[in-house]
Amino acid sequence: MDEASVAGRGLSPRLWLAGGWLLLALLAAIFAPLIAPQDPLAQDLMLERLPPFWLDGAEPGYWLGTDSLGRDLLSRLIFGGRIAFIVAFAAATSACLLGSALGLIAGYFGGWPDRIISRIVDVWMAFPPVLFAILLVAVLGTGLSSVILAIAIIDWTRFCRVIRAEAMSQARMDYVESARIAGYGRMGIMLREVLPNVLPSVVALLSLEMGIAVIVEAILSFVNLSISTDDPTWGSIIAEGRLSIHQAWWVLVFPLITLILTVLSFSQFGEALKARFDPVLR
Amino acid sequence: MLLQRFFVRLLTMLVTLFGVAVVVFVVIRVAPGDPIAMMLPPGASNDDIARLRALYGLDKSIVQQFFIWFGGVLHGNFGTSISLRQDVLGLVFNRLPATLELATVALLMAIAIGVTAAILGARSRGSAVEAGIDIASGATLSIPDFLWGLVLILLFGVLVPVFDISGRVSPQLDLPFATQFYLAESILRLRFDLTWDLLKHMLMPAVALALPLAAIIAQLLKQSLKEVLDLDYVVLARVKGFSETQVILREALKNAVLPTLTLVGVQFTFLIGGTVIVERLFSYEGLGNMAIDAVIDRDLPLIQGIVLVFALLFVLINLAVDMTYALLNPRLRHG
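Residue numbers (the numbering used here), protein chains in the order written: chain A, 1 to 282; chain B, 1001 to 1335.
In short, the hints are calculated from the structure, not lab data. Glycine is no exception: its CB is placed at the ideal position from the N, C-alpha and C atoms. Honestly, I wouldn't trust all of these hints.
To be verified - Simulated coverage check for chain B against chain A, where a stretch passes if three residues somewhere in it have a Cβ under 8 Å from a Cβ of chain A:
1) 1154 to 1165
2) 1172 to 1184
3) 1207 to 1218
4) 1306 to 1315
Please work from the sequences and hints to get the whole structure.
Okay, here's the thing in structure tokens:
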């Protein structure tokens, strides 16, 4: 109990900061049309490469400056957040459902289902993930649903491996044996007894996976393979910033800071959840 | 026992590779869009299209196509690149050394940084130094190589432009190399001016790849060191008058390194996977950069070849790690 309160105290500022940033970014993304100071797509060559507000030559209303087409950077970041969060939630949830289901089956039943699923995981682990993602999106065609599907197809193994190991150790525990003696079927035991016990690991992984999904989406946008090129995404802003890095550093700096804060927050959140639920750490 | 383990692993590895070949083949063949149409000038006749399809074997069933291609692969024939019109294996071997050199330099850096941080942290356990290392490694770990690459581009390409952030070597240099292992060859030929130029290009992408791995090594090795440092024989060494650093370097390190070794092996494959986007970021002419071009050009034979070579690297590294672990671990050696 003492250690729990110590761990709790050590974690909470991090948890609050991480949660605070994610909530802020999420709200900004949801209410983007109300908050964004400019139209994120409006080009104005008279306003190209305006610096952020504290530098000479800045224009009021363009807080973080503009890119080489005169588009407002802050508005593009706010609208880019929409894509980032949709991908984060949808892709991570899909990967989680697929991976957890297969992991539970492999870990609880063992035998040939386990052997087949483990072989598939081995094959998946032998692919370079970024190359796999790029390949899948190229095959599926660019677009939001392709990006989400590609991430789910690649990253389900993360869930599968952890849940399989958890389910395996849970399946050997006494309470599962008692349930079996009490006459519950295998499926019933798995859903009723084993699943709730592996849930903490799933939730923690889910948070980590959301951060990963945001990065993968940014990488895909960076190589110009994500959603349509019109809609701003954090990755496409970064790609633009990489090109004009010597003329307008802010076009790279601000999306980069946004991305780093978001990824750090998702992983801190996941770590904190894991620490809270992990009986060994608790 | 060890030999048996080796053969079982080898067999699993071959099954995995075959699985990769099947997956990549199926994924690519369900792709919409006709690669042949992109090779021909507009207005090509249907006869031309049919002839080219037959040339690349695209007129047969997908199962036939797979076995024709796979049979070729087994004989070292990976086909011809559609966009570059060259032998795939030749193209891959031309680019692979650049990626291997980058990954090796990154691995060495990760080990150097990670081990130093771990020793520093274990030496001053419980102090502010250790807390600092914990926070730094935690944050470093959470930020992927892609973002580290961008941070480094900003810091050392723009803010303080000391390193090159684009390419593998300065284009105006005359290269006397016989192989594509530029870095290794420049050292062997004692052309340290070229070594320096290569390193100046390689340093930033290598650091981007190394940082997350360095953080993992620091965390895990520090943990193992701290456990070992409480054991009797280490206490004895301390009583004998060795300093804490000497105790760590001479006694504790070799007994704490085994868990870290396994992890480094697995993480090294992640590092190699990371070269794909990091090479793109730094316009480094390696295999990963070529892979992205191949995907964008829908160059099916080239994509297949590159993915297979990456997969081969991954399983070979895992096999090597597994065997090293078995050799070093007495319980497995005599088990």
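Status of each hint after checking the structure:
1. 1154 to 1165: Check passed, 3 qualifying residues.
2. 1172 to 1184: violated (count 0)
3. 1207 to 1218: violated (count 0)
4. 1306 to 1315: holds (count 6)
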